[in-house]
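S.K.: Residues per chain, in single letters:
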Amino acid sequence: MRKLSLDNLNKFFAAVAESKTIYLPVDQKDGSAKYAKWAEGTEWSNALNTVRSPKDLFFPQTEDLMEFKTEGKNIEIIDIRKESEDFVIFGVRACDVKSFEVLDRVFLSEPVDSFYASRREHAIIVALACTRPSETCFCTTFGIDATEPAGDVSAWKTDSALYLKANTEKGEAFLKSIEALTEDADTAEVDAQKTKTAEIMKKLPLADLTTDAFGGGKTEELWNNPVWDEMSQTCLGCGTCTFVCPTCQCYDIKDFNTGNGVIRYRCWDSCMYSEFTRMAHGNNRLSQKERFRQRFMHKLVYYPENNEGLFSCVGCGRCLAKCPISMNIVKVMKKIGGDK
Amino acid sequence: MQKITRDQLITKAVELLSNGTVSAVLGWKKGEFDYDITPAVFTTEEEINNGFVYNDFCGANFSKYLVAKTKKLEGKILVFLKPCDSYSFNQLLTEHRFDREKVYAVGIGCEGMADVVKLKNKVDGIVSIDYNDDGMYVDTLYDGTVKVDYAEVMAERCINCKSKKCVAYDELLGEDGEVIDSARFDEVASLEAMTPDERFAFWQGELSRCIRCNACRDACPACTCEKCVFDNPGSGVENKAPVTSFEEQMFHIIRAFHVAGRCTDCGECSRVCPQNIPLHLLNRKFIKDMNECYGEYQAGAEVGSRAPLVDYTEGDLEPGEVFERGENDA
Numbered sequence: 017m018r019k020l021s022l023d024n025l026n027k028f029f030a031a032v033a034e035s036k037t038i039y040l041p042v043d044q045k046d047g048s049a050k051y052a053k054w055a056e057g058t059e060w061s062n063a064l065n066t067v068r069s070p071k072d073l074f075f076p077q078t079e080d081l082m083e084f085k086t087e088g089k090n091i092e093i094i095d096i097r098k099e100s101e102d103f104v105i106f107g108v109r110a111c112d113v114k115s116f117e118v119l120d121r122v123f124l125s126e127p128v129d130s131f132y133a134s135r136r137e138h139a140i141i142v143a144l145a146c147t148r149p150s151e152t153c154f155c156t157t158f159g160i161d162a163t164e165p166a167g168d169v170s171a172w173k174t175d176s177a178l179y180l181k182a183n184t185e186k187g188e189a190f191l192k193s194i195e196a197l198t199e200d201a202d203t204a205e206v207d208a209q210k211t212k213t214a215e216i217m218k219k220l221p222l223a224d225l226t227t228d229a230f231g232g233g234k235t236e237e238l239w240n241n242p243v244w245d246e247m248s249q250t251c252l253g254c255g256t257c258t259f260v261c262p263t264c265q266c267y268d269i270k271d272f273n274t275g276n277g278v279i280r281y282r283c284w285d286s287c288m289y290s291e292f293t294r295m296a297h298g299n300n301r302l303s304q305k306e307r308f309r310q311r312f313m314h315k316l317v318y319y320p321e322n323n324e325g326l327f328s329c330v331g332c333g334r335c336l337a338k339c340p341i342s343m344n345i346v347k348v349m350k351k352i353g354g355d356k
Numbered sequence: 014m015q016k017i018t019r020d021q022l023i024t025k026a027v028e029l030l031s032n033g034t035v036s037a038v039l040g041w042k043k044g045e046f047d048y049d050i051t052p053a054v055f056t057t058e059e060e061i062n063n064g065f066v067y068n069d070f071c072g073a074n075f076s077k078y079l080v081a082k083t084k085k086l087e088g089k090i091l092v093f094l095k096p097c098d099s100y101s102f103n104q105l106l107t108e109h110r111f112d113r114e115k116v117y118a119v120g121i122g123c124e125g126m127a128d129v130v131k132l133k134n135k136v137d138g139i140v141s142i143d144y145n146d147d148g149m150y151v152d153t154l155y156d157g158t159v160k161v162d163y164a165e166v167m168a169e170r171c172i173n174c175k176s177k178k179c180v181a182y183d184e185l186l187g188e189d190g191e192v193i194d195s196a197r198f199d200e201v202a203s204l205e206a207m208t209p210d211e212r213f214a215f216w217q218g219e220l221s222r223c224i225r226c227n228a229c230r231d232a233c234p235a236c237t238c239e240k241c242v243f244d245n246p247g248s249g250v251e252n253k254a255p256v257t258s259f260e261e262q263m264f265h266i267i268r269a270f271h272v273a274g275r276c277t278d279c280g281e282c283s284r285v286c287p288q289n290i291p292l293h294l295l296n297r298k299f300i301k302d303m304n305e306c307y308g309e310y311q312a313g314a315e316v317g318s319r320a321p322l323v324d325y326t327e328g329d330l331e332p333g334e335v336f337e338r339g340e341n342d343a
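From first to last, the protein sequence lines stand for chains A and B.
Under our numbering, the residues of the first sequence are numbered 17 to 356, in order.
Under our numbering, the residues of the second sequence are numbered 14 to 343, in order.
In isolation and in its complexed conformation, chain A is listed as follows (with noise of 0.2 Å):
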């Protein structure tokens, strides 16, 4: 394990910077955090988490997917594809690391979206252990020990130090290459810390929360249960959690007319949204519920089953947070699960 001094965070992230892009956590004006370039003068924020998540940096909302250019009868097809340089995101939490695994599965699966798969390949990621968890967090219901974040670096702060580990190769080549600024280190103040935390993971309010009731092949069982209706009859149906959820990918692809030709792009989809996965015949959710329901069993059910049980819920919170009407996967699971 490696350590770096606080007071050398900045020289840290200038000697990254010069050879690849940063993006990290820093603080909005509304009291928020995004996801933003590290320049000179970047601080680092504080927040557990970001509103939108990490999964914008390899699956961004918009994108532009290839251009077509007419002229008289003929088409010219154009490759607009920018080739991605080497990037770093970091600070990302357990929660939101997990979810790129469940986005992997859908993106680098064949066939394999090379838009997404060459982003994913040029990241490196430093995923950053929580020691504050807000009372919206439930990632150990999957499985996730925020105090031991995944990615190809895992980082533990104190007051004093940013304790770093490589887990990969590119993780090992990273902590290689800012070598000069780091110290080797023993493992004690984060064992201390990780306790610490542990500690408290286990008393957050919904630590009892358990997904017994769900995983594959519980299609029938639940498809019908009357729960779908009494907890979407006041769904708005925008698409905040949709877009704030780091495991939604849902995407639509459309064409804009340039005028003298086409830029083919894709966008972000919602479940919610009255127009979402419209075909030729119409809808096929007509209604709230069932877009509703389609939201919840893709994540606790379909998408196991698919998948060798991995649900598409890490945890994070942001829908809890979120919600205009505060409605929820925890409290669908509870509802469902009785109250577990």
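Careful, some of the hints might be misleading.
Said to hold, decoys possible - Once the Cα atoms are required to be at most 30 Å apart in a straight line, the calculated BS3-like pairs of lysine-lysine come out as:
1. B:133 / A:210
2. B:135 / A:45
3. B:135 / A:218
To be clear, the hints were calculated from the coordinates, so they are not data collected in a lab.
Please build the complex by placing chain B on the supplied structure of chain A, with the hints as guidance.
M.R.: Chain B in isolation, oriented as in the chain A frame:
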């Protein structure tokens, strides 16, 4: 802290449900942490006793729900209206958006609601909240019990409350209040005082955070189109792609134009915004302009009133004057 209590509302709801006046109750349902309250439809006394709550986090405006809920319902639905909700209620009636006969409205006084974002910026790890006369006592994960004054966490829209008067109800609980001479246009005036470049930079900074979740539109009681233009793929204005600089600005500006004269300034747009964009300021600018150009007008103050933009009087501003005003105001 609210003067109206949960017990008062439960008693009223159960009474109206059991004597057959209503068949359903639109109310607030308790959540996990005392602040995450969900609007819900209750149909039995048992449901009400188990889940109905009322406290400083019951800011949601129920008026818009009546559009959908009254359509399907047998009998009447009970709705509790805070003063600002009652303005939206009247405005929806003016626009014939629901059947008044299917609603039993109980007006309730309001002492101002808390803003959960303000509270969370002050207190970490909220486990539960106790409401006392001198403030909220917040039980936390890290700092024991923290006392928070109501004024410290009061929502902006409530600090600048325009009226404590319930303008629509079948029955009133507690005492009615008065229309307030509020300072709600002060922030608009400070935006007007900026140079055009400063103002553009201000709005660009705010609107660039927009994620096009449409929560502002979906919560807005003035946005009740059966089919929103932004939900129509054939319209050329997409509902989910925010990044082109045209759309992130135009979505909100088009919406503000569309609700001009109909917006009651309930503030739901800003409350629900996950990015805390002060969207209500756009609407207030319209209200302020209309007041200045056409005389004071409050949407929803009464049923059937004609908004200045859809009404004609001889004293109306001449187009030339509007043009000149635009030149000066840039």
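S.K.: Against each hint, give a clear statement of whether it holds in the structure.
M.R.: Now the hints, each set against the structure:
1. B:133 / A:210: holds, 25 Å
2. B:135 / A:45: holds, 15 Å
3. B:135 / A:218: holds, 24 Å
Against the hints set out earlier in the document, no violation occurs for any number.
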